Structure formats: structure tokens, C-alpha cells
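Mind docking chains V, S and H on chain C? Use the hints.
Residue numbers (our numbering), protein chains in the order written: chain C, 6 to 266; chain V, 6 to 266; chain S, 6 to 266; chain H, 6 to 266.
Honestly, the hints are just simulated from the structure, not real lab data.
Treat the hints loosely; a few may be bogus.
Remember, identical chains collapse to one label, so a pair may be satisfied in a single copy or spanning two.
[As the list claims (entries may be wrong)] Only pairs whose alpha carbons sit at most 30 Å apart, straight line, appear in this in silico DSS-like list of lysine-lysine:
1. Lys159 x Lys37
2. Lys26 x Lys214
3. Lys10 x Lys91
4. Lys55 x Lys9
5. Lys55 x Lys26
6. Lys159 x Lys235
7. Lys26 x Lys131
8. Lys9 x Lys235
9. Lys131 x Lys120
10. Lys34 x Lys10
11. Lys236 x Lys34
12. Lys236 x Lys54
13. Lys120 x Lys55
14. Lys131 x Lys37
If you're wondering where the values come from, they're calculated on a predicted model, not measured in any experiment.
Protein chains: 4
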Amino acid sequence: MQDKKPEIMESLERVGVTGLKTIVMTNWKNRKYNFVPEIELTMDLEREKKGIHMSRLVESITECIEREVEIRRGSLEEVERNILEKLKERHPFNHAEITMETDLVIPRKTPVTGKTTMETYSVAVKLSSDKGGYTKLLSVEVTGNTVCPHAMNKCNGRTHIQRATGILEIETSYENRIDLEDMIDCVEDAFPSRVYTILKTEDEKRVVKEMYDNPKFVEDVTRGILRNAKKRFKNCRIRARTVSEESIHRHDVIAEGSCMS
Amino acid sequence: MQDKKPEIMESLERVGVTGLKTIVMTNWKNRKYNFVPEIELTMDLEREKKGIHMSRLVESITECIEREVEIRRGSLEEVERNILEKLKERHPFNHAEITMETDLVIPRKTPVTGKTTMETYSVAVKLSSDKGGYTKLLSVEVTGNTVCPHAMNKCNGRTHIQRATGILEIETSYENRIDLEDMIDCVEDAFPSRVYTILKTEDEKRVVKEMYDNPKFVEDVTRGILRNAKKRFKNCRIRARTVSEESIHRHDVIAEGSCMS
Amino acid sequence: MQDKKPEIMESLERVGVTGLKTIVMTNWKNRKYNFVPEIELTMDLEREKKGIHMSRLVESITECIEREVEIRRGSLEEVERNILEKLKERHPFNHAEITMETDLVIPRKTPVTGKTTMETYSVAVKLSSDKGGYTKLLSVEVTGNTVCPHAMNKCNGRTHIQRATGILEIETSYENRIDLEDMIDCVEDAFPSRVYTILKTEDEKRVVKEMYDNPKFVEDVTRGILRNAKKRFKNCRIRARTVSEESIHRHDVIAEGSCMS
Amino acid sequence: MQDKKPEIMESLERVGVTGLKTIVMTNWKNRKYNFVPEIELTMDLEREKKGIHMSRLVESITECIEREVEIRRGSLEEVERNILEKLKERHPFNHAEITMETDLVIPRKTPVTGKTTMETYSVAVKLSSDKGGYTKLLSVEVTGNTVCPHAMNKCNGRTHIQRATGILEIETSYENRIDLEDMIDCVEDAFPSRVYTILKTEDEKRVVKEMYDNPKFVEDVTRGILRNAKKRFKNCRIRARTVSEESIHRHDVIAEGSCMS
Numbered sequence: 006m007q008d009k010k011p012e013i014m015e016s017l018e019r020v021g022v023t024g025l026k027t028i029v030m031t032n033w034k035n036r037k038y039n040f041v042p043e044i045e046l047t048m049d050l051e052r053e054k055k056g057i058h059m060s061r062l063v064e065s066i067t068e069c070i071e072r073e074v075e076i077r078r079g080s081l082e083e084v085e086r087n088i089l090e091k092l093k094e095r096h097p098f099n100h101a102e103i104t105m106e107t108d109l110v111i112p113r114k115t116p117v118t119g120k121t122t123m124e125t126y127s128v129a130v131k132l133s134s135d136k137g138g139y140t141k142l143l144s145v146e147v148t149g150n151t152v153c154p155h156a157m158n159k160c161n162g163r164t165h166i167q168r169a170t171g172i173l174e175i176e177t178s179y180e181n182r183i184d185l186e187d188m189i190d191c192v193e194d195a196f197p198s199r200v201y202t203i204l205k206t207e208d209e210k211r212v213v214k215e216m217y218d219n220p221k222f223v224e225d226v227t228r229g230i231l232r233n234a235k236k237r238f239k240n241c242r243i244r245a246r247t248v249s250e251e252s253i254h255r256h257d258v259i260a261e262g263s264c265m266s
Numbered sequence: 006m007q008d009k010k011p012e013i014m015e016s017l018e019r020v021g022v023t024g025l026k027t028i029v030m031t032n033w034k035n036r037k038y039n040f041v042p043e044i045e046l047t048m049d050l051e052r053e054k055k056g057i058h059m060s061r062l063v064e065s066i067t068e069c070i071e072r073e074v075e076i077r078r079g080s081l082e083e084v085e086r087n088i089l090e091k092l093k094e095r096h097p098f099n100h101a102e103i104t105m106e107t108d109l110v111i112p113r114k115t116p117v118t119g120k121t122t123m124e125t126y127s128v129a130v131k132l133s134s135d136k137g138g139y140t141k142l143l144s145v146e147v148t149g150n151t152v153c154p155h156a157m158n159k160c161n162g163r164t165h166i167q168r169a170t171g172i173l174e175i176e177t178s179y180e181n182r183i184d185l186e187d188m189i190d191c192v193e194d195a196f197p198s199r200v201y202t203i204l205k206t207e208d209e210k211r212v213v214k215e216m217y218d219n220p221k222f223v224e225d226v227t228r229g230i231l232r233n234a235k236k237r238f239k240n241c242r243i244r245a246r247t248v249s250e251e252s253i254h255r256h257d258v259i260a261e262g263s264c265m266s
Numbered sequence: 006m007q008d009k010k011p012e013i014m015e016s017l018e019r020v021g022v023t024g025l026k027t028i029v030m031t032n033w034k035n036r037k038y039n040f041v042p043e044i045e046l047t048m049d050l051e052r053e054k055k056g057i058h059m060s061r062l063v064e065s066i067t068e069c070i071e072r073e074v075e076i077r078r079g080s081l082e083e084v085e086r087n088i089l090e091k092l093k094e095r096h097p098f099n100h101a102e103i104t105m106e107t108d109l110v111i112p113r114k115t116p117v118t119g120k121t122t123m124e125t126y127s128v129a130v131k132l133s134s135d136k137g138g139y140t141k142l143l144s145v146e147v148t149g150n151t152v153c154p155h156a157m158n159k160c161n162g163r164t165h166i167q168r169a170t171g172i173l174e175i176e177t178s179y180e181n182r183i184d185l186e187d188m189i190d191c192v193e194d195a196f197p198s199r200v201y202t203i204l205k206t207e208d209e210k211r212v213v214k215e216m217y218d219n220p221k222f223v224e225d226v227t228r229g230i231l232r233n234a235k236k237r238f239k240n241c242r243i244r245a246r247t248v249s250e251e252s253i254h255r256h257d258v259i260a261e262g263s264c265m266s
Numbered sequence: 006m007q008d009k010k011p012e013i014m015e016s017l018e019r020v021g022v023t024g025l026k027t028i029v030m031t032n033w034k035n036r037k038y039n040f041v042p043e044i045e046l047t048m049d050l051e052r053e054k055k056g057i058h059m060s061r062l063v064e065s066i067t068e069c070i071e072r073e074v075e076i077r078r079g080s081l082e083e084v085e086r087n088i089l090e091k092l093k094e095r096h097p098f099n100h101a102e103i104t105m106e107t108d109l110v111i112p113r114k115t116p117v118t119g120k121t122t123m124e125t126y127s128v129a130v131k132l133s134s135d136k137g138g139y140t141k142l143l144s145v146e147v148t149g150n151t152v153c154p155h156a157m158n159k160c161n162g163r164t165h166i167q168r169a170t171g172i173l174e175i176e177t178s179y180e181n182r183i184d185l186e187d188m189i190d191c192v193e194d195a196f197p198s199r200v201y202t203i204l205k206t207e208d209e210k211r212v213v214k215e216m217y218d219n220p221k222f223v224e225d226v227t228r229g230i231l232r233n234a235k236k237r238f239k240n241c242r243i244r245a246r247t248v249s250e251e252s253i254h255r256h257d258v259i260a261e262g263s264c265m266s
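So here's chain C without its partners, still in its complex pose (with noise of 0.2 Å):
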């Protein structure tokens, strides 16, 4: 049937499944990590076919996963490489894509009484297969804050905070290999101070005391977040957002910009 010609002829480029949720195990840098990432995976379609295959998607997912379990391989773009591998094996496409959506857990120590604290962090990892190979697309979503200067600077050193959400993106080539807790302290170090689980009231005093001594607007911090990522990474096209969840106004405020490195 989905070979089938279709009445409309008419190509597609996104034909898949979404918000297939599993479990991936991987190991990297000697941790082992369990995600039950969202997954989306998609692949193009000719004019000519009524429909795609759409279990033998699921199976290149689900047997990649079990083969993932015993040869341990690393990142998520390479868990992501295999399953695209496993697909062209079953189902031929021009194009294919696949994005996983996972948290990712981080341990680290409070600023001043070193507490050990344990952060969470939305990422996601989107691999696509052209006929000149394979590009990524990383990205990671950091809790941080905003302090407005300006109204710092007319209200005699008061002034309104907000928590505020900071997103690095960065697309690639495969091979350039790119860390995701290195995008992490890209954003965390654009913010006026780092946001932590636990505070005592020691670690409290100081993170206050970094917000005031560097207030910063909503444009400051995406400024930051593309200056940190152009140093550190290169051969990458930039993006950065950040949404400011005002503590003054009902409304969000935001800043995106984007560069090449």
C-alpha cells in the first residue's frame, strides 16, 4: 500500500514518527548514563510513493538501543548515527533526520560551603543525513538570572531580578566534537551568577552578591552566551536565546543572536 502511487503527487521532506519516548543507555567519559529521551525521527519521501514504512523507523530505533546496551558506545550523535546507519540498511531516503530530547544530570559544588548539589539540564541532540553526510545540531537549555542595570543605576543600586532561561545552540559537522556540559558553562558564565539546588545561607550571600556586581540585561546575557561559545568552539554556526521571565511585568522578555565560529 505505501508503495503504492499516490493520488497527490507530491514530495515530502519530514515523514516520520514523534514523541517516541525510550530508553538509551550510554557511556561516556567512564559515566554511564540512562536517558529516556523523546525521539523524533523522519525521513523524506518521493512523489511517487504513497507512504513510508513507518515500524521500520521504530525498529532501527529499538534495535539500535539493544545493541547500544552491550557496545557501550558514547554521545548521543553516535547512538543517533547508528540508528540513521540501521535505517538506510532497511528503508532507502535522501534525507533523514533524528532529534533526541533528554535531561541531562550534572554534579557540582556549591560556591562556598562546597556542598555537592546535583543539576538538571534540558539538551537535545539532532543528527542529519544528507547525501554529503552527516550535520548536528547540539543544544542545551540553562536556569540562570537577569538583574536590570538600568534600573540599578536609577534606583540607587536596587533593583528587579528575575530567573531567566539561557539556550545555546550549535550546528556542526559530525566529527567536531562538542561536549555538552562545555555548552552548559557557556551559558552559565553569560548570567550575572551561576543558580544552584542547594544554598546554604553562606553560598546564598555569595551568589547575591555576584548578581549585584553584575547586573545584566536580557541582551547582555545572549551577548555573553554567543562571545563564550565563539571561543570556545570552532567551525560552528552559533544561535543563543534568552528569555528573561520578568519579575516587574506579566510578560517574558528576550535576545537572540547568532554567529559563525
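What follows is chains V, S and H alone, placed relative to chain C:
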């Protein structure tokens, strides 16, 4: 089919439609409102009946909304009572409930420059019909902020500030007139300061001053909402909840309480 | 403060407000509409300026909305153009964008019994201002269904059916008049059958018959949307996406395509 | 500061942290699980105290999670009891509650071809500590489908089918051992058919056959969940809720019920 005996004989408490979005027009204190609420309408189902007649629930909503356009009833709970009465004529029940969730837009003035702003609030009105008559549950959700008194004390007047959401729920008899606008005031007055969609520099200075002059934990805001509501509304069951989107943490902090008036 | 040189000199593409909810009233084909859209308004920021003046963006929205009440302009893109023109007077930019996302309620008749129902659609209108003038991106999201032709073939006329969502986006010049209602028709006509808020038994029989007479993969629906839009609208960039909430899987399936007309 | 008398003297029922995401590792029936749950931990606050010490709540979570890695306790409620006991040592309370929401991935076999699939379920475990001891509330959310018996009857065996979600909640004493896997079975067995991540053509034919042989309203599914749970679990308060994403409507239909066992 719905009136057949079901294989498993077990009465059900709430059967109906949910997530139904439609238009509701009312005339409230000589101002016309057009809402597009999300509606849930349910009724109980006795153990000997396989199912309810879902289309009658939807017809009760639709007819009342059409009628409403003409007779221009006032509050959302009046519209809801019409719907439950219409439903009663079409489909027997012991207990039925209807909830409408919508946005309420209220014009305000900024605190210093007096500019007009439109402020938007999430509100919900639920009406329950039982043997004994009608009971309503009114709910408003208001954006504000918290300003940490503990950090202010430890950091010489500096502190962390963040957006917070205050929720006030009031359960009372249908006849007890309670205005959603007054409920919103109870919540807004419990925050360190109100928030506004527009703030010119002089307004922003005032808001920042109020924040620092009036630092509050999430617990303080919840207690303030309870006190304000207890003073203003009589013969009610009152519930308050505040969620503060901490600017120094990834997680939120909450405080919930309740009282009778 | 905003006009100072920033520490990091990097131009930004989109700086502004997001998630701002307010009331917008229009008069469109002699019918009055009251929307409470969610608005995003952004502009570019040159590398030598630390920040934009956020309150001027909000003022541009507020003033135009007030004015709108009086002059009763028509489409959402006309309201948006007024806002961007107002903004241009207050704050220089090279590029600015405004998006309004809202619900659109349209009265329909059920297919057999001819009952009036109110059907609700998510729509978005985005207007971009560049040196060369205005470009718009119109988007509608419509609920429908898919009916698997493969299973129908293998199971003697039985098959799995599920709710699906079709999205049509059209990018064109400001001057090219495209009605959101017509875009919605293009999507609804691509499904196996339309869906309705009320269905009496005779209506339901018709809808079920249409489903079985007209089985469609998610790929077929997307191709149908593309064809319908290509026929109806000229000088447009057209993009279609269908998501099917499979009744036999936990995950969804999708199909996306695009074309020019 | 937290121990000061508050301006408004009103006791609060639930004060604490919410939306905290961290890693929890357990060893359950000789299988290791790595969860990244979303955690809410609250306690009551007496009327004479201004606030609680939030960092002690987070420390109780963190320490137990670290300890957990070593001692490899079993169920999520065991981890939660450790956290509440740890909290009791640090911070006095009358009532405290902890909830963990996470994904649970379970391997299954497809019905005909016997392929291994990984199926993912949303689960939540809440533990409450009161004077009288511990009570738990277990919850599972399972994807399935509904198949309309009314339409099937009126349309000669044709009908509308759609994805549905079944939720089972069980409240019982801490000591009453209830496996989340068994709760999931109670819900899956109440649907017309189970759903699977992979389905080869022969599997899909079986699933479609089960759907048509076993048509069910949303009311039937809820009653089935209640019956299955009542048979399997004793001394429980049972609550079931099914939401059906109608393929012929924009809105959903629901059925809720409860019973004791």
C-alpha cells in the same frame, strides 16, 4: 446503546466532555465581555446505565450560549447555571459540574505616570449542582513577585527577587456574590508590589522601591492572600497558593493554606 | 543606560517582549471580533547599543489597540502593521517582527441535521518589517483525523482511526489578501472527514461513513493540504504539517512538506 | 528570620519546594533503575513561624539520593520514606509530603511476532507522613484507545476509534505492597486493545481485530480499571479516570469513578 446495562456494574462520578472551547458573551456591570473559555461539563452515571448521551451535554452548552447572546446575562456562573438547568431538562443526573477557564483582561493605571495598561488574569468558575442546590468554586491566578527577607537581612539590604504566581480559590454558595475583580485585588495586594504591562522609568522606580520596602517570603504572600480574602468575603471556604520562580534556584518554592470565613 | 556601548559588541537579531496577553478588537467583514492574543514583538539591536527600550514596544501595542477600538480596522495583520508603524516612530530599527496567536471561533452546520455548532481554531499572524516592506506569515491549526489505508486493506475494511492535527502556514507579501477562514477550509478538506463539536446520531453516521470511504495516511493529508492551498492562494510559500495521534501506538506520526504557488 | 513571628498569624498546610529535578537510582527486583523524577517536598508551618528553612528540604533529598546509590533500596516509596525521615531529623513538622513523578520503561513483546518493544509510562508516587504514620498515593498513566459501541451499532460494524489515556490512582498504607507494573496491567487490560511502540503487519492486524471485537466507551474503560484494581489490590482507595481524544470532535470525553477495596 447508552441505556443498556453495562458489563461491569459500577456507578461513575464524573462523565462528560472536557477541553471544549467555544465563545461566551456576557454583559457584566454594563461592560460587554467576549470569552473563549475552555469548558468541562460532567455528570454522574448510575451503575445500571452503560453510558451518558454526550451530545446532549454539548447541546446544552450551545443553546445557552446562543440564548445568552440575546438576553445578555451577567456573570460566568449565571451562564453556567443556565447550562446546568438546560441539561437537567434533557438528561437526568444527581450531580453535575461545569467549569469555565478563561482570560480576564482588566484596565489599570501605572502607579506614577498614570498610563493605561491592560492586565490579563487566568480565571476559572466552576458550578456544581447537587440535590441541595448550587455551589460555586471561583479561582483567580495573578502574577506578582517575592523578595527574600532572609537574604535582605544577611546581605545588607541586597536580596534575590523573582516572579511569583498567587492563586486564590473561593468555594461558596451560588447566591453569595463574589466578584473575580475583587479576588484579583486580594492577591495583588498580598505581593511586595503589583506588576504592570507598561512601566515608564518613574513607574519602575516606584515598583522597585515597593519591592525593597516590603520584602516577603512565599509564605508571607500566601498568608496575605488568606487575610485579604477573609476580610472581604464572608461564608466562604478560602484556599491560597503561591509559587515563586526562584531566581537563585532551578526549582520553585510554594506555600499553600486555607481557612473559612 | 540602554544607549551605552555594551561590553561585548555583537549585533542581535531579535530583542523584545514575548508572552504578552492583551485584548484586540477588530471588525472583519462586518463581524466584530474580540481576541485575547498572545503577542511577541521584537526588533534588531545594533552592536554599539547595550539594549533596547522595552517599554516603547509595549506602548506601541497599547496605543494601537486603543486606537483600534475606535477605527475598527479589519484583519490582525492590519492591526500589526499599525503597531510596527507606531513603533518605528518611537524606536529606530532595521528589522522588526510581531506575532499574534489566538483562537478563532467559526460557526458551522452539522452535515445532516444542520445544527449550528461553534468550532474553534488556533491561528497565528506574524508580520515582519524589513527595508523592503512587509511580509506576513499566516498559520492555522485544525483538528481532524486519519484513517489507515494499509490496515483497512489488510483487515477486510477494518482499520485504526485517530485524531490528527493539520497545520498550514503561508508566507506572502502583506498586500496579498488571504483569509484565515479559507486556509482553515484547505486543511479541513484534506482530512478523511471534518470534525464537529455537536454530532447527533445521523451526523455521526455520516462522519463515520466519510472516514471509511476516504482512508488517508498522514502523508495523504499533508499532500492534500498542499494541493488545496496551492490551488487557492497565489504567490505564496506554503508549508503543511500533519500530526496523527496514533490509536495503536504511544507515539505520534508526522508528515511535513512545502511548495511555492 | 524564618523563626520570627509573622505579621499575619495563620498556619499553612504545605510549604516547600516543587519542580525539583534530580537523579534517583534504585534497585528493584534485581533490575537497576535510573530515574530523573520531578520532586515536590512540602511540610506544614505553624502560625507563629514566619517561614520554613527551604535548604533543609533540599539537603534531605540530596543526602538520601547519595545514600541510595550505595544501599540500593528498592521502591520509590522507600526512597521517599528515607527522605522524610531525614527531613524529620533536621526540621520539625506535623505533616509532610513528598511526590516523585517520572517515566517508567517496561519491556514488552508484540502480540503476534513477539518482537521486543520498550513501552514508557508516566508514574507518580506520593508519600505523606502524619502523626499516625505513612500513607502513599500511587498513580500510573497509560495510553490506550476507545472504540465507540454506539457508532458501531448504528453504522453496521464501522465506528470511530481514538487514542485514550487511562489513569489509575491507589491510596493505601505504606506497608501495603503494590507494584506500579501491576497497576499498569490493570489499566492496559481495560482498553479495547493494548498499544505498542512497534507493530509489524501481523501484530497490527491482531490489534485492529481486538479493537473491533471489544468496542468500549470511555465509561467502560473506567469501569474496567476499577474492577481490575479492586480484584488485584486490597485495603485501598481506588480512583480511575479515562480521557478519550475523540477522532470526530475537537474536544475530549472523560469518565471518572472511585471505589474502596
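Each hint tested on the structure:
Taking the shortest alpha-carbon separations for Lys159 and Lys37, neither the intra-copy value of 50 Å nor the inter-copy value of 41 Å comes in at or below 30 Å. Taking the shortest alpha-carbon separations for Lys26 and Lys214, only the inter-copy value of 26 Å comes in at or below 30 Å, while the best intra-copy value is 42 Å. In this assembly of identical chains, the alpha carbons of Lys10 and Lys91 lie at most 30 Å apart only when taken from the same copy (26 Å versus 52 Å across copies). In this assembly of identical chains, the alpha carbons of Lys55 and Lys9 lie at most 30 Å apart only when taken from the same copy (5 Å versus 43 Å across copies).
In this assembly of identical chains, the alpha carbons of Lys55 and Lys26 lie at most 30 Å apart only when taken from the same copy (27 Å versus 35 Å across copies). In this assembly of identical chains, Lys159 and Lys235 lie within 30 Å of each other by CA distance neither inside one copy nor across copies; the values are 33 Å within and 38 Å between. With identical chains, the CA atoms of Lys26 and Lys131 are at most 30 Å apart both within one copy (15 Å) and between copies (23 Å). When the C-alpha separation of Lys9 and Lys235 is checked against a cutoff of 30 Å, the pair qualifies only between copies, where the shortest distance is 23 Å, while the shortest distance within a copy is 49 Å.
In the homo-oligomer, the alpha carbons of Lys131 and Lys120 lie at most 30 Å apart only across protomers (27 Å), although the nearest pairing inside one protomer, at 34 Å, exceeds that limit. For the identical chains of this complex, Lys34 and Lys10 are neighbours neither inside a copy (49 Å) nor across copies (42 Å), given an alpha-carbon limit of 30 Å. Taking CA atoms no more than 30 Å apart as the test, Lys236 paired with Lys34 passes inside one copy only; the shortest distance there is 23 Å, against 48 Å between copies. Only between protomers do Lys236 and Lys54 lie at most 30 Å apart by alpha-carbon distance; the minimum there is 22 Å, versus 47 Å within a single protomer.
In this homomeric assembly, Lys120 and Lys55 come within 30 Å of each other (Cα to Cα) only across copies, at 26 Å, whereas the closest approach inside a single copy is 58 Å. In this homomeric assembly, Lys131 and Lys37 come within 30 Å of each other (Cα to Cα) both inside a single copy, at 21 Å, and across copies, at 28 Å.
Against the hints set out earlier in the document, violations occur for numbers 1, 6, 10.
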